[in-house]
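Number of protein chains: 2
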Amino acid sequence: MAQQSKNAAIIIIGNEILSGKVQDANSPYLSGELRALGVDVQRISVIPDEIDTIGEEIAACRKKYHLVFTSGGVGPTHDDVTMEGIARGVGKPLTHHPILDQLLRTVYGGDLNPAQLKLADVPEGLELLHAEGLRVPVLRFENIYIFPGIPSLLVRKFEAIKERFRETPFHLRKIFLTGDEALVAEDLNKVLRLFPRLLLGSYPILHHPEYKVILTLESKDKAYLERATQSLLLFLPKELVLRLE
Amino acid sequence: MAQQSKNAAIIIIGNEILSGKVQDANSPYLSGELRALGVDVQRISVIPDEIDTIGEEIAACRKKYHLVFTSGGVGPTHDDVTMEGIARGVGKPLTHHPILDQLLRTVYGGDLNPAQLKLADVPEGLELLHAEGLRVPVLRFENIYIFPGIPSLLVRKFEAIKERFRETPFHLRKIFLTGDEALVAEDLNKVLRLFPRLLLGSYPILHHPEYKVILTLESKDKAYLERATQSLLLFLPKELVLRLE
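In order, the protein sequences belong to chains U and C. All letters in the first sequence, in the order written, are residues 1 to 245 by the UniProt record's numbering. All letters in the second sequence, in the order written, are residues 1 to 245 by the UniProt record's numbering.
Just so you know, these hints were derived from the structure itself, not from any lab.
Remember, identical chains collapse to one label, so a pair may be satisfied in a single copy or spanning two.
Computed list of lysine-lysine pairs in BS3-like fashion (alpha-carbon distance at most 27 Å, straight line):
no.	residue 1	residue 2
1	LYS238	LYS21
2	LYS238	LYS212
3	LYS212	LYS21
4	LYS222	LYS162
5	LYS222	LYS238
6	LYS238	LYS174
7	LYS6	LYS92
8	LYS190	LYS21
9	LYS21	LYS174
10	LYS220	LYS21
11	LYS6	LYS162
12	LYS64	LYS220
13	LYS64	LYS21
With the hints as constraints, model all of the structure from the sequences given.
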C-alpha cells in the first residue's frame, strides 16, 4: 500500500503579515484544503516583500517539495515583487506575457498604465491555467502555483483548480483522554514500534471539562490505521480513555 | 537617527498546524507583540516535528536574526522533539538539567516517570529565565527563546519577559484611498525616491463601501515619517484621498 504522498510548501509573501497588521488567512485555508485532498504540507514560510528573500525561498522549495504555493505580492505597486523574486529563484528573466497583457486590457477596459502593464511581466516559461469561472487564470511556473494575497481571490482561484491536486486521502481517528499525556507516552512509543508508519499526534488541551489530551492517528491505509488504533486502545489505561472518534 | 532595529524569526513547530487540524494562534500573537515592542519580525516558519528539519531551521535562523522564538514540541511524548532539534541545530549534546528536574518534581508533586524526566533533557548551555508569576521559567539558548505550543502558556511566558525585547517603536500612518492602487503606483515610487527609508505598504481592500486601498507608512523616526506622509499627500490625486489616520 502506497504511503507516499505528494508534499507541498506554502510561501506567504507580505510585510503586513510579519508586522502583525494583517492576520494570514491563506495558509490556514490552503493547509486545510490540501490535507483534505491528501497532500502533505511540509512547510509554511512567511517572508517579506524582498526579491532576494523570495528568490532564495523559491529556489529551496521548488526542489525540495512536489508542489509550491505562493500567496501575495502580485499587484501593481512597488511592494509587489513576487514575480521578480520567482524569476530570480528559477533563474529565468522576466518577460511581458502577451496573452496576460490582453486579459488585463479586458479587465481594466482599455489601455494600461505602466503599473498595470507590470502585471503582465512574468518569469519566462510561465503558464496560464484557465478554469471555469475564472476571468484571470491561475499563474504557474513548473511546480509553483502563484496566487494573489487577497483571501477571497485566492479561495476562488484555488477552488477552480484544486481537483488536479487530489491524492489518496488521509484517514483520521481521534482518542480523547482524561489524563496527562506523560501517563501514556510509553503506550504511544509501543504502538509506534508496532506501526512505524502511523502518523501519531498527542495534543494537551488545557481547561476542558471532559478531557486533557487528544490523540490523533492518521494513515492513508485505512486497514493499517484501524489495526494501529485497536492496538493503541489495548495499551492505554482503560480509565483514561473517554472516547474514540 | 538609527533606523536599525533588532530583527527576529518565529519558528512554529507542529504537524497539527501543517495538516490544518489546529490554527496557529502563536505567530499572529508574537508578530503583533514584537512589532509593538519595536522588533522587526523577518520570517515565520511552520515546520514539522522532525529533529533534522528543526535543526536546520534553528541553525539558519540563529545566525541570520538577532532573536529567534520557537513554539511547540516541548512536551513529554514521542512527537515532542524540539529540544533534540535545537541541540542538533546549535551543535550541543542534550543534558539533564538538575534545576529543571527539581522544578518538574515540584510541579508534578513527586517522582518523575521517564516521559516526565525527558522534559529536563535540554541542550547543554541552556539557561532558565525566571520571572515574576512564572512557575516554570522561560528556556533560552543564546538568542533562541523556547516556548510551549499551548497558546495560553505561551502568552503567559512571553508577557513575563517581553520588556527585555523593547526597542525604539515603529510609528505608523495610514492613508485610505477611494481608487485602484494602480492609479497611485507612480506616486508611491516618487515618495520612495525622496524617502528611501520609509516603510511603505499598499493593500487593496475588496468590497469595502468607503475605500479601495489602505496605504501604510512607517518609520522609527517620527519626524521623517511626518515629512514622508506630507510629501505623499502632495503627490496623490486629492479626489482619491478619503482620510489620513
